[in-house]
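Trainee: Single-letter residue listing:
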Amino acid sequence: MARRVAVIGVGNSKFGRRDDVSVQELAWESIKEALHDSGLSQSDIGMVVVGSTAYRGIELYPAPIVAEYSGLTGKVPLRVEAMCATGLAAALSAYTAVASGLVDIAMAVGVDKMTEVDTSTSLAIGGRGGNYQWEYHFYGTTFPTYYALYATRHMAVYGTTEEQMALVSVKAHKYGAMNPKAHLQKPVTVEEVLKSRIISWPIKLLDSCPISDGSATAIFASEEKVKELKIDSPVWITGIGYANDYAYVARRGEWVGFRATQLAARQAYEMAKVTPNDIEVATVHDAFTIAEIMGYEDLGFTEKGKGGKFVEEGQSEKGGKVGVNLFGGLKAKGHPLGATGLSMIYEITKQLRDEADKLQQPLKKYIGLVHNVGGTGHFAYVMILRR
Amino acid sequence: MQIDALPLSIKYKIKYPDEFIEAVKRGEIVATKCKNCGSVYFPPQKDCYNCGKNEMEWIRISNEGEIMTYSIVSQKPQGFENYEDYIIGIVRTKDGINLMAWIKGQPKVGGKVRLTTDNMRIIGEVVG
Ligand SMILES: [Zn+2]
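Protein chains in written order, with my numbering: chain C, 88 to 474; chain V, -5 to 122.
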């Protein structure tokens, strides 16, 4: 039987264009904060997993340099990668190490510095985030294109509108403006979203997350360690799920939701013995606005096809049925691929500890959910946390 | 301070099946079918993960299809900068294979296309 595991420390760097730091300095920002948050030092950590995609930065193998800079040499057995879900993949690895009894305390660090290459290069690397040989090479798919294919189909099948997608962006920017760590801190209107430059129709610039630099860290501990260290606000991981889907997007079928998310969510809900109705606060992977709408549906917050209505009715606002992406989401807070999933754990941990200040969701049951999608629905990870 | 890092130039060679490239040059689209268990693969593969055998035959895919979804690419990636805006679609062929194609003509979800090639990639020409 696996051991119970809690999050006992979290850190999140400022997200944005971070020309002021190297990748190791950026990683240290969140590592330092997480160590401080947990009251631990490097010598207490049994294992460190580094999550990074690294392809847009000069350091293609970032794990050793991050470890060296942060005083964690000797603790890092691997770097993990699951595209945009790299952060939760790293968290899963660290969680598993603790749950299995291999170590008592493990750290997952997510970091990516994505602005070291220009936008055209970045699009070409992102476009390879599918099946290069049979997609990008012939057709010039970009990352926004993949999500656009889902958006077009969702609009045709369920009548989802560009205005409803724009509302996701408006909500994200509203909260991003209240989060000093967010990449984008300017509110936007529906009209501004609709009039913004077309990237890959129907996806426009303001439907898309920015290209960001950032890091996030979470520290996981066993129940015995939580007691021994007298941690006063552990946040327990009660459910975890993961799944993947075909790389070649045409093969997946339907294109109105992510099967990987549906499977991961079912696994996580079963393990946590909760239903979607129990979730009060969540991060939903919103690399593009359509992704959040599909996320509401795939996670069971609303029926399939009603995601557009869900945001329109304010059910995902702060104080709504499920407060979603209250720190600004990928859309406004930013999406440094390796950091994103761990930054989501940071947010939900802050929420469950009632430490989210102006962005605090009112909670009764203290149950939160983290949802991190890799690629364009290639991977999905869902984690359920509770205090 | 930011200074220029050393440039990194990567040149790749990539392997495609001869049969696929030759078919595309004839304006045809082909998939592989397992002689043992009948599984059909697109993208084509030479190994059958269903039964573990690797005895495949090449089969021709129907050139009639329906647009399942599409997107018009305005912000082009490296390697495609010199192209006009292009339309990427997912097409379901009459024989039930889903594939990616460039769409020529006015696309709509549910619209019919005739599949052909431009000697390199699959093209779905809108026919109604
Ligand atoms: Zn077979």
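Be aware that a few hints might be false.
Stated by the list, open to error - Below, a list of computed lysine to aspartate or glutamate pairs in the DMTMM-like style, where the Cα atoms sit at most 25 Å apart:
hint, chain 1, residue 1, chain 2, residue 2
1, V, 70, C, 249
2, C, 101, C, 341
3, V, 5, C, 146
4, V, 5, V, 60
5, V, 106, C, 441
6, C, 317, C, 442
7, C, 119, C, 341
8, C, 101, C, 249
9, V, 70, C, 205
10, C, 282, V, 78
11, V, 7, C, 168
12, C, 317, C, 203
13, C, 391, V, 60
14, V, 102, C, 341
15, C, 119, C, 155
16, V, 70, C, 131
17, V, 27, C, 341
Treat the hints as calculated values from the structure; they're not laboratory data.
Trainee: Name the hints, by number, that the structure is in violation of.
Mentor: 2, 4, 5, 7, 8, 12 and 16
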